[in-house]
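Given chain A, work out where chain B should sit, using these hints.
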Amino acid sequence: MQTGTLISGAMHGALLVATMLGGLDWWQESLPEPRITKVTLVRAAELDVQSSAAPQAPMAAIDQIAQPEISAESAVAPSLESAVNQTEIDIADSPDAADASPDVTGLLLPDDPEVIVVAPTVDNIEAPAEDAPEFFQPALEGNELNAPVSMSAPPPPRNAPRIDTTAAAKPPEDAQANAQAAPEVTDEPGAQTEAAPQEASAPEEATTEITPEGQREVEISAFAPQNAARPPRRPRRLSVPAPAAAQQDISDAVSAALQEAQEATQSTPPVVADLSGPERAVIGDVVSQKWNKSNITGQEGFERFVVRIAVEVSPAGRVESVSPLEPANPSGIFEIAYRAARSAVLQADRAGGIPLPEGKFPDGVRLVLRFDPASGEIGFN
Amino acid sequence: MNHFKTLLGAMLVLLAGMAGAQERPTIEIDVSGGNIEPVPLAVPQFIAETSGARRLSGDISSVILSDLVSTGLFREIPGTAHIAAINNFNAQPLFSDWSVVNAQALVTGAVSTGSDGRLVVKFRLFDVDAQLPIGDGVQYAGTQESWRRMAHKVADTIYSRITGESGYFDSRIVFISETGPKNDRRKRLAVMDYDGANLQYLTDESAIVLAPRFAPNTRDIIYTSYETGLPQVFLLNIDTGRRSQLLDDTTNMATAPRFSPDGTKVVMSIIDGSNTDIYQVDLNSRRRTRLTNSGGIDTTPSFSPDGSRIVFASDRGGSQQLYVMPASGGEARRISSGGGSYGTPVWSPRGDMIAFTKIRSGRFHIGVMRVDGSRENLLTASFIDEAPTWSPNGRVLMFFRETAGANGAPQIYSVDLTGRNLRRVDTPSFASDPDWSGVVR
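Note that the protein sequences, when read in sequence, are chains A and B.
If you read the first sequence in our numbering, its first letter stands for residue 1, the second for the next number, and so on.
If you read the second sequence in our numbering, its first letter stands for residue 1001, the second for the next number, and so on.
Hint data in this document are derived by calculation from the structure and do not stem from the laboratory.
Predicted model only: the values in this text are computed from it and were never measured.
Do not take every clue at face value.
Stated by the list, open to error - For lysine to any residue, the following SDA-like pairs were computed, each having C-alpha atoms within a straight-line distance of at most 25 Å:
#1 A:K360 - A:P278
#2 B:K1265 - B:E1205
#3 A:K360 - A:R350
#4 B:K1122 - A:G332
#5 B:K1182 - B:E1145
#6 A:K360 - B:D1030
#7 B:K1265 - B:M1253
#8 B:K1122 - B:P1078
#9 B:K1122 - B:P1133
#10 B:K1265 - B:G1329
#11 A:K360 - B:E1028
#12 A:K360 - B:I1029
#13 A:K360 - B:P1025
#14 A:K360 - A:F302
#15 B:K1122 - B:V1069
#16 A:K360 - B:E1023
#17 B:K1182 - B:A1207
Here chain A stands alone, though its shape is the one from the complex (with noise of 0.2 Å):
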C-alpha cells in the first residue's frame, strides 16, 4: 500500500516538475504534420457544370508544339520504297515478327461476341403439359431454331368446366324431406369394402417349370404339320386338233411373237452384273500395285491429267485390249498418263490377269478403269 503511494507520487512529482520546466512539447513533435486540404464548397448546380464541361486545354502548351513538317516529296507520288511498304504483307509482317511463328489465335478464336438471342433453344422449350391440347405447328422450313417463338400459333382456350352460377329454382312449397335417412358409412370391422386390384398371378402348377423360349418354339414347332398339304392339281387341258386352216394362223402367230420377243430382247438392256466392293477393290489395288505414275507427277498441275480407259477381260480374267476413253485421243501429257495407265492393266494381266469372281461373267467383263494421279508431294516443310 505504501508502496503504491509512494509510486504514485513520484511519478505526479516528476510530471509536474517537467510541466513547469519545457511543458509538453517533445510529444507533440513526434506527431506528423497534418495534412491541410483546402476545401471550397460549391453548390450541386455548379458541380454538375463543372463535371460535365470539356476539360480546358491550355493553349499556350498546344501553340508551343511545333508543327510536323510536310515534306514536297510527300505530295507527289510516292517513291518506289514507300509504295512498297503499303503492301498488305509489309503491314501485317512486321520485320520483327517476320521469323516468329504466326499468331493464329486471333482467327481460330474471336473476340466474345455480343451474344444476341434470336430464339431459345431446343432444350429450353418447355414440354407441354399431358393435357395440353394438341395444335397444329407452322412448318417453319428449315429455319427452326431461328424462328421466334411467338410465331406458333396461339392455343385455343382449354375448356372450363360449366359451372351454372344461376340461382336454382326454390323447391316448390308442398315439397316434402325424405324421412328415410340413408345409412353412414361407417369404418367399422365387417363393413364390406371394395377390394383393391391386383395383379394377375398364374397358376401354381404352370409355375414348377420355366421353359426357355427357344425350347418352347422346338416345341410349337413339334405341333406343326409335318407335311405340307398338295396342292389341287389344275384341270387337264382337252386337246382339240386344230384345223389345218388355223395351224398356218398359229405358226404365224408364233413367228410373231417370237419376233416380237427378239426385239424386245434386243431393245431391252442386258441385265448388268456387278461387283461388291471388296471385289472393286481387289481389282483396284491389282491394277494401282502396277501403276507407276513417277513420269505424271513431276508434271505442272498433275492432277488433271485424269484418264479412263476401257479394258476388256475374258470370264477367265485375261486382258483382251485396252483402249482410251477419257480423253478419247490422249495427246500430250495425257498421252503419257494414258501409257501408264495402259500399262498397269498389261503388267497385271501378265501377272495373272484380272481377279474377276468365278463364274460370274461368264461372257466376260469390260472394265472401266479411272486413273488418278492425285498424290503427296515430299518436302521439308
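Chain B alone, transformed into the frame defined by chain A:
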C-alpha cells in the same frame, strides 16, 4: 412338220439375235495410289553398222543410258540381264524376251560412219508392255567429235517421248571452280556439259570471280570479278574468249547480274554508297536504269520467262524476303511469307515457280514456291545449300552444298522438282554457284 421347222427356225433366229445383242457388263473402278518408281529401261548396245563406228556405238549407248538414269525417272536393265540381242535395227524386237526381264521401255539403235567421216546415229523407242513403238525412228548426223552431243540429243528425244517434257541433256553448266584451303580459296570460272564432261576453264585464278550466268544464246556469260579491286560485272563469249566490262563506272560495285530472256538487257545490283538497288543495263547502249529505290539491300534479280516481271531479294522489311515487281520497276509485292529469310530467287523456265534459298533455324534449304508465294516446298536441308538454278525444262534444280568444318568445301548437287533424286554432280574440283544454260542449239 412344217410348223415344227418354222418354230425351230424362229428359235434359232432368236438365239442368234440374243447372242448378237449380248453385251458385256460395264463396271467402273477407280484406281488410286500407284507407285512412283523409275521406269525399267533397256538400252542394248547400239549396232555398229560400219567398222569405224564400233567404238562409238558403245560410248553412245552408255551416254544415253547415263543421261536417262540420272534423271531418276528410269532404271537400267543391265546388259547382263538381257536375254535377247538386237542385231538388226529394222527387225521387230522379240518383246517377250524384254518383257521377261521386266523392261518397260526398249531403245534400239545403230551407229555408222560415212565415207566423209560423218557420224550417223539412229534409234527407235518401244513400249514393251504394249509391244508398240513410241514414235518413229530418228536419225542424227554430225561430226565424230560431236558424238556426245548426238547421244545427248537421242536421250533428249527419248526423255521427251516418255515423260512428255522437253529434255535437258544437251545443255551446259557454268560454275565457280574452287581449289585450295578454305581460308585461301582460289576461284576460276569454268564451264562443262551438264553431266560434267567437256570441262573448260574460262578464267585464271588471278581474281576472285562470282555468280556466272548464261545468256539465252548459251554462248555468252556474264559474271562478277574483283580484278579491278571492286566487284564489277564482265561479259564473256565462250567461243571467242572476248571479254568486256559491262559498265565504265568503276566507283560503284556491281554484283549478281542476270540476263533478260531476250538477252538484250542485264539486271544487277549496284552498290551506290551505302545503298544497294537493282538496275537494268541495256547491252547495246550500256545505259543503266534504276529499278528500285529503297533503303534496304535489293539484290539477286531474276526475270520471269516472258520478261515482264522481276523477282528479287530485299531486306527492306527487316529480314531478307522475296519481292516481285514489274520489269520496268515500280511497286514491289512481297511473295515470301514463311518464317526465316529468303535469297537467290530464280524464276522457273516454265514460269510457274520460283526457286530460292531459305535460311531457317540455322539450316539452309533449297525450295520452290509458286510465283504468288503459295505452295512453298523445301526440297533440301543442309549446313549450306545455296544458289539454285533451273534445268532448261524446269524439272530439275542444281545448287551447291557446302559441308561444315575447317575442311568444308562446296560441291554441286541436283535434285528433282519433287524433292527426289538428289545427286552430286561430278566436278574435278570444288564447285559452287552453278548456272544451267538452255538447251544448246
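Pair hint K1265 of chain B and M1253 of chain B, alpha-carbon separation not exceeding 25 Å: holds (18 Å)
Hinted pair K1182 of chain B and E1145 of chain B, Cα distance within 25 Å: violated (38 Å)
K1122 of chain B paired with P1133 of chain B [C-alpha distance capped at 25 Å]: It holds: about 14 Å lies between the C-alpha atoms, which stays within 25 Å.
Hint consistency between K360 of chain A and I1029 of chain B [alpha-carbon to alpha-carbon, up to 25 Å]: holds (17 Å)
25 Å limit on alpha-carbon distance, applied to hinted pair K1122 of chain B and G332 of chain A: holds (24 Å)
Pair hint outcome, K1265 of chain B versus E1205 of chain B [Cα-Cα no greater than 25 Å]: violated (28 Å)
Proposed proximity, P278 of chain A with K360 of chain A (alpha carbon, max 25 Å): At roughly 14 Å apart (the allowed maximum being 25 Å), P278 of chain A and K360 of chain A satisfy the hint.
Straight-line alpha-carbon gap K1122 of chain B to V1069 of chain B, limit 25 Å: Given pair K1122 of chain B, V1069 of chain B holds - Cα atoms ~20 Å apart, limit 25 Å.
K360 of chain A paired with P1025 of chain B [C-alpha distance capped at 25 Å]: holds (11 Å)
Pair hint K1265 of chain B and G1329 of chain B, alpha-carbon separation not exceeding 25 Å: holds (14 Å)
Pairwise hint evaluation, E1028 of chain B against K360 of chain A, where the allowed Cα distance is 25 Å at most: holds (16 Å)
Restraint status (C-alpha distance of K360 of chain A to R350 of chain A at most 25 Å): Status holds; Cα separation ~22 Å.
Hint check: violations occur at hints 2, 5 and 14; the rest are consistent with the structure.
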